[in-house]
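Visitor: Below are the chains, spelled out letter by letter.
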Amino acid sequence: MSIVRFEHVDKVYDLQAGRQTLFGALKSVTNPSSSGDLFHALSDVSFAIEKGEAFGIIGRNGAGKSTILKIIAGITKPTAGTVTVNGRISSLIELGAGFHPDLTGRENIFMSGSILGMPRKFIENKFKEIVDFAELWDFIDVPVKKYSSGMYARLGFSVAVSVEPEILIIDEILSVGDVFFQQKCFTKMREIIGQGTTFIYVTHDTAGMQNLCDRALLLDAGKAEFIGATTEAVSRYYAKVGQKPAAVPAKERRVSAVSSSERDIAMTPDDIKQHSLLTGANRHGAHGVEIIAARVTNAAGEDARSVPVLEPLTFTVLLHANTDIHNPTCGLHLFNRMGTLVFAAGTKQLRHRLPDLKKGEELIVAFDVTMNVEQGEYTFSLGVSEPVEGQPPNLGFIHDRHEMLGPVTVTTDDSEVYPFYGIAQLPMKISHRLKSS
Amino acid sequence: MGRDLRNLYLHRELLFTLTRREIISRYKQTFFGLGWSLMQPILQTVVYTIAFSFVLKTPSAEGIPYPIFVFANLTLWTYFAATTISAMNSLRANSALITKVAFPREIIPLTSILSGLFDFVVSFVVLLVLAAFYGFFPNIKFLYIPAILIVEILFIVDLALILSVLNVVRRDLTYVVSFLMTLYMFLTPVFFSIGALPKKLQEFYFINPMGAIIDAFKNVFFYDYEPRWYSLIIATVVLVLIFIPSYKFFKRAEKLFADVL
Numbered sequence: 173m174s175i176v177r178f179e180h181v182d183k184v185y186d187l188q189a190g191r192q193t194l195f196g197a198l199k200s201v202t203n204p205s206s207s208g209d210l211f212h213a214l215s216d217v218s219f220a221i222e223k224g225e226a227f228g229i230i231g232r233n234g235a236g237k238s239t240i241l242k243i244i245a246g247i248t249k250p251t252a253g254t255v256t257v258n259g260r261i262s263s264l265i266e267l268g269a270g271f272h273p274d275l276t277g278r279e280n281i282f283m284s285g286s287i288l289g290m291p292r293k294f295i296e297n298k299f300k301e302i303v304d305f306a307e308l309w310d311f312i313d314v315p316v317k318k319y320s321s322g323m324y325a326r327l328g329f330s331v332a333v334s335v336e337p338e339i340l341i342i343d344e345i346l347s348v349g350d351v352f353f354q355q356k357c358f359t360k361m362r363e364i365i366g367q368g369t370t371f372i373y374v375t376h377d378t379a380g381m382q383n384l385c386d387r388a389l390l391l392d393a394g395k396a397e398f399i400g401a402t403t404e405a406v407s408r409y410y411a412k413v414g415q416k417p418a419a420v421p422a423k424e425r426r427v428s429a430v431s432s433s434e435r436d437i438a439m440t441p442d443d444i445k446q447h448s449l450l451t452g453a454n455r456h457g458a459h460g461v462e463i464i465a466a467r468v469t470n471a472a473g474e475d476a477r478s479v480p481v482l483e484p485l486t487f488t489v490l491l492h493a494n495t496d497i498h499n500p501t502c503g504l505h506l507f508n509r510m511g512t513l514v515f516a517a518g519t520k521q522l523r524h525r526l527p528d529l530k531k532g533e534e535l536i537v538a539f540d541v542t543m544n545v546e547q548g549e550y551t552f553s554l555g556v557s558e559p560v561e562g563q564p565p566n567l568g569f570i571h572d573r574h575e576m577l578g579p580v581t582v583t584t585d586d587s588e589v590y591p592f593y594g595i596a597q598l599p600m601k602i603s604h605r606l607k608s609s
Numbered sequence: 416m417g418r419d420l421r422n423l424y425l426h427r428e429l430l431f432t433l434t435r436r437e438i439i440s441r442y443k444q445t446f447f448g449l450g451w452s453l454m455q456p457i458l459q460t461v462v463y464t465i466a467f468s469f470v471l472k473t474p475s476a477e478g479i480p481y482p483i484f485v486f487a488n489l490t491l492w493t494y495f496a497a498t499t500i501s502a503m504n505s506l507r508a509n510s511a512l513i514t515k516v517a518f519p520r521e522i523i524p525l526t527s528i529l530s531g532l533f534d535f536v537v538s539f540v541v542l543l544v545l546a547a548f549y550g551f552f553p554n555i556k557f558l559y560i561p562a563i564l565i566v567e568i569l570f571i572v573d574l575a576l577i578l579s580v581l582n583v584v585r586r587d588l589t590y591v592v593s594f595l596m597t598l599y600m601f602l603t604p605v606f607f608s609i610g611a612l613p614k615k616l617q618e619f620y621f622i623n624p625m626g627a628i629i630d631a632f633k634n635v636f637f638y639d640y641e642p643r644w645y646s647l648i649i650a651t652v653v654l655v656l657i658f659i660p661s662y663k664f665f666k667r668a669e670k671l672f673a674d675v676l
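Chains as they are written, first to last, in the numbering used here: chain A, 173 to 609; chain B, 416 to 676.
Hints in this document: simulated from the structure, not taken from any laboratory. Source: prediction; values computed, not measured. Keep in mind that a hint or two might mislead.
What the hints assert, rightly or not - In silico PhoX-like pairs for lysine-lysine, Cα to Cα no more than 25 Å straight-line:
#, chain 1, residue 1, chain 2, residue 2
1, B, Lys670, A, Lys249
2, A, Lys318, B, Lys443
3, A, Lys395, B, Lys670
4, A, Lys520, A, Lys530
5, A, Lys318, A, Lys300
6, A, Lys317, A, Lys356
7, A, Lys317, A, Lys300
8, A, Lys317, B, Lys443
9, A, Lys249, B, Lys663
10, A, Lys249, B, Lys666
11, A, Lys318, A, Lys356
Taking the hints into account, I'd like the entire structure generated from these sequences.
Guide: Given below as C-alpha cells:
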C-alpha cells in the first residue's frame with residue numbers, strides 16, 4: 173500500500189485573496205475559485221510513494237514543490253483530486269518552525285516536540301539524544317534568539333529527526349550548518365532511511381538527492397514532468413535549466429605553472445607549527461609517531477582554505493617520532509559534504525618510501541593534490557601508519573590519525589563553462605575528425 | 416463536529432504547551448513581569464475612582480465602595496475585551512506556525528483565551544486582597560465563580576471563532592472591533608452602576624451576556640447572593656447555540672488559512 177498517493181491533484185491559489193471586499197472574501201471562503209485571478213500551482217499531478225521509500229522532489233523555484241509538501245503535511249488542501257496519506261508525519265518545511273525566540277533551547281525542544289505531536293514524556297526520554305546531536309549543551313538554557321542561524325537549524329533538525337516519524341519530510345535545509353554538521357545530517361538521514369522510515373526530500377541540491385533517494389519526481393510549472401530513477405530526474409532537470417544560453421563567454425582558464433615541491437621542502441618545522449590547523453579534537457592512534465602540526469597552502473604558498481577547481485593544494489605535515497619507526501607511511505583522506513570518501517592516498521599508494529625515523533626525529537611530508545573535484549566543501553583527515561609484518565598490504569598500524577579537519581572549499585567560477593560535472597574529473601581525451609563529403 | 420472536537424481533544428497537549436509558551440514569553444524579559452497584567456485594571460481603577468469619587472462625588476455604587484466596585488468589574492471586563500482582541504489577532508500573529516505545521520487551528524485562538532485566564536487569576540487575587548481591605552471576605556457562594564467564568568469563556572470563544580477568521584481576511588477589522596468594545600463597555604456598563612443608564616437600555620442589561628456575567632459576579636462576590644440564574648441560563652443557552660455554527664464556520668474556513676496568511 174502506498175503511504176502517500178496523489179491522484180489528479182490540482183492546487184489553485186486565488187491571487188485576489190486579501191484584496192476583495194469582506195463580503196467577497198467570505199464568499200471565497202465558502203466557495204473557492206470564484207474569482208478570476210487564479211494561479212495554478214499544481215495541475216493534474218499524480219504519483220505514489222511506497223512505504224520505506226526515499227523519494228526526492230526536484231524542480232525550479234515556483235514549480236510547486238513546497239505546495240506538494242504542504243498538501244502531504246496537511247497544512248493546505250488540494251483544490252481538486254484526491255490525496256491519501258497513511259502515517260504520522262514529521263515535516264521540516266522550515267527548520268524550527270515552532271520555535272519561539274524568547275524561549276530557551278530546552279523549552280523550545282518540548283515546544284516543538286508537542287507541535288510535532290509528541291507527548292512530553294517521550295521528549296523527556298529523547299532530550300539527551302536531541303541535545304547531543306545538535307551539540308548545543310552549552311547553549312541549551314539560552315533563548316534561541318541568541319542562537320546563530322546554524323545553531324537554530326541544528327536544533328530544529330535534531331528535534332525533527334528524533335520524533336521517530338513514519339514519514340519524514342525535509343525541505344531544502346542542509347544549506348545551513350557547517351560541513352561537519354551536514355555530514356552528520358546525511359549520516360542521520362541514511363540511518364533513518366535504513367530504519368524503514370518513508371523519506372521525502374525536496375532540494376536544489378541534486379548531488380545530495382542522488383545520494384539519498386531512489387526515485388524522484390521532476391516538477392515543471394506545476395506539472396509532473398517525470399517520475400522515476402533519481403539520476404534520470406536530475407539529468408532531465410538540468411536539461412531544463414540548461415536551456416538558458418550562457419551570456420558570458422568563457423575566459424581563458426588560469427594555469428598554475430609553479431612547481432611547489434622545492435618550496436615545500438624549504439618550509440621549516442616552525443612555519444608549520446605556527447600555521448598549524450590541527451584541532452586535536454578527533455584524534456586516535458598509538459602515538460609511536462605523531463603528526464604534531466599540519467598546514468594547507470595554495471600554489472602561491474599562502475595558507476588557504478579555498479581553492480578554484482583544478483588548482484593544487486599542498487597539505488604539509490610535520491611528523492615527530494616518539495620511538496624508532498621502520499618504514500612509516502603517511503597519507504590523507506578527503507570527504508565531501510555528504511561524508512562520502514572522495515579520495516584517499518598516501519606514500520604507500522604512491523610507492524613513495526619515507527626514511528626510517530629515530531626517536532626524537534622530525535620529518536616534513538608534503539602532499540600536492542590537484543583539486544579535480546566538484547565544487548563544494550570538503551573535510552580531510554591526516555594519518556601516519558606503519559606496516560605490520562605478516563598482514564595484507566592494505567592494512568597498517570595506525571600511529572596517529574586526525575579526523576574531521578578543515579573544511580577546505582573548492583570553488584567554481586559561474587561565469588565560465590564548468591570543466592566537468594560530477595564528483596571528480598577523470599582523465600579524458602577527446603578527438604574528432606571531420607569527414608568531407 | 417463531533418470528530419473535530421475529538422481531534423481537538425487529541426491535541427490538548429499542544430494547546431497547553433502553546434499556552435505555557437504564550438505566558439512564559441509574555442513575562443520573560445519584561446521588567447515588570449507579572450505587573451503588566453495588573454497595570455491596565457489598576458490604572459483604569461485609579462482613573463475612574465478619581466473621575467467618579469472625587470470629581471462627580473459618587474461615594475459608592477450599588478452600596479459598594481467605588482474603587483472596589485470598578486476593580487471587580489474591570490477584572491471581568493479586561494479578561495473579556497483584551498482576550499477577544501488578542502484571540503482575534505492570533506491567527507495572523509501565528510502565521511509562521513500555521514503555514515508550516517498541521518494541527519487543529521482553533522488551538523491558536525484557544526491559546527489566547529487560556530493564557531488570558533492567567534492574567535485574570537492574577538487580577539482576581541489582587542481583587543481578593545483589595546476586597547478584604549474594604550471588609551469583603553470570601554464566602555461559600557464563591558464556588559459559583561468558576562461557573563460564571565465558564566459562561567464568559569464561552570462568550571469569548573464564540574466571538575473569537577468568528578472574528579479570528581474575519582480578521583484573516585480583513586485586517587482592518589481590529590480597529591472596528593476595538594471601537595465596538597469601548598461602546599459595549601458603556602452599555603454593559605463597567606464603571607458606573609446600571610441605575611445610571613436610561614430605563615430603556617436597562618431592559619437589555621440582563622440579556623446582554625457580559626451584563627449577566629458581571630451582575631452574577633457582583634451578587635456572589637459582594638452580597639453573598641445567588642446569581643440571577645435565569646439571565647445566566649439564557650446567556651448560556653444562547654451562547655451554546657451560537658457556538659455550533661461559529662465552530663462549523665471556523666472549521667470550514669480553516670482549510671484556507673495557510674493559503675491566505
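Visitor: Would you mind marking each hint as holding or not holding in the structure?
Guide: Status of the hints after comparison with the structure:
no.: 1; hint: B:Lys670 <-> A:Lys249; in the structure: holds, 6 Å
no.: 2; hint: A:Lys318 <-> B:Lys443; in the structure: holds, 14 Å
no.: 3; hint: A:Lys395 <-> B:Lys670; in the structure: holds, 23 Å
no.: 4; hint: A:Lys520 <-> A:Lys530; in the structure: holds, 20 Å
no.: 5; hint: A:Lys318 <-> A:Lys300; in the structure: holds, 21 Å
no.: 6; hint: A:Lys317 <-> A:Lys356; in the structure: holds, 24 Å
no.: 7; hint: A:Lys317 <-> A:Lys300; in the structure: holds, 21 Å
no.: 8; hint: A:Lys317 <-> B:Lys443; in the structure: holds, 13 Å
no.: 9; hint: A:Lys249 <-> B:Lys663; in the structure: holds, 17 Å
no.: 10; hint: A:Lys249 <-> B:Lys666; in the structure: holds, 13 Å
no.: 11; hint: A:Lys318 <-> A:Lys356; in the structure: holds, 23 Å
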